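Colleague: Sequence:
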Amino acid sequence: MIRARGLTHRFRQGKDEFTAVDGIDLDVAPGEFVGFLGPNGAGKTTTMRILTTLLKPTAGEATIAGCDLRADSAGVRRRIGYSTQTGGAGPDCLVGEELAHHGRLHAIPKAAAQQRANELLDRLDLHGLGGRRVDTLSGGQRRRLDIAMG
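In terms of full-length UniProt numbering, the sequence shown opens at residue 1 and continues consecutively.
Honestly, the hints are just simulated from the structure, not real lab data.
These numbers come from a predicted model, not from an experiment.
Accuracy of the hints is not assured; some may be wrong.
[What the hints assert, rightly or not] Computed cross-link-like contacts, DSSO-like style, restricted to lysine-lysine with a CA-CA straight-line distance of at most 30 Å:
hint, residue 1, residue 2
1, K56, K44
2, K44, K15
3, K44, K110
[What the hints assert, rightly or not] For each label pair, taking beta carbons as the anchor points, the in silico distance ranges come out as:
hint, residue 1, residue 2, range
4, N40, G66, 18 to 24 Å
5, H127, F33, 14 to 20 Å
6, S73, F36, 19 to 25 Å
7, F36, I108, 44 to 50 Å
8, S138, D27, 27 to 33 Å
We treat Cβ as the ideally placed atom computed from N, Cα and C, and that holds for glycine.
Turn these sequences into a full structure, and let the hints guide you.
Modeller: Structure below.
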């Protein structure tokens with residue numbers, strides 16, 4: 001699903017250059033969940049911005065879902081979902097309704113969207129939370145909801 005080799009990004013400020021990501025090699029198989037952990041300034045956000053095509057790498061190469069990061073960035077974007085720290089669900093929405101609505105935005109018929117929402121709630125250990133407001137979820141539950149929303 002993700003294969004990166006020598007992924008590097010350098011920022012320039014005037015005459016100064018700062019290496020934010022320094023030669024990362026990464027392999028993520030289909031179905032795997034991966035988290036980036038590290039101190040502030042370690043390059044986590046920069047790496048994610050590169051892998052989601054929001055920032056071009058200075059060096060290295062990557063293939064995401066079969067698409068070359070540099071040659072087919074539009075193909076990468078069509079095949080991925082990206083959850084930021086702030087999330088995408090409205091705070092005063094109900095969890096199950098938000099998931100089903102998100103499915104409808106992707107042209108999934110209403111009944112199928114509701115069924116898929118229920119499956120995702122179960123799969124991501126959010127069963128029983130469909131009737132709760134998003135702003136009552138814990139941080140971990142919100143991240144799982146963001147993953148479900150793709």
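Colleague: Decide, hint by hint, whether the structure agrees.
Modeller: Now the hints, each set against the structure:
{"no.": "1", "hint": "K56 <-> K44", "verdict": "holds, 15 Å"}
{"no.": "2", "hint": "K44 <-> K15", "verdict": "holds, 24 Å"}
{"no.": "3", "hint": "K44 <-> K110", "verdict": "violated, 37 Å"}
{"no.": "4", "hint": "N40 <-> G66: 18 to 24 Å", "verdict": "violated, 33 Å"}
{"no.": "5", "hint": "H127 <-> F33: 14 to 20 Å", "verdict": "holds, 18 Å"}
{"no.": "6", "hint": "S73 <-> F36: 19 to 25 Å", "verdict": "holds, 21 Å"}
{"no.": "7", "hint": "F36 <-> I108: 44 to 50 Å", "verdict": "violated, 30 Å"}
{"no.": "8", "hint": "S138 <-> D27: 27 to 33 Å", "verdict": "holds, 30 Å"}
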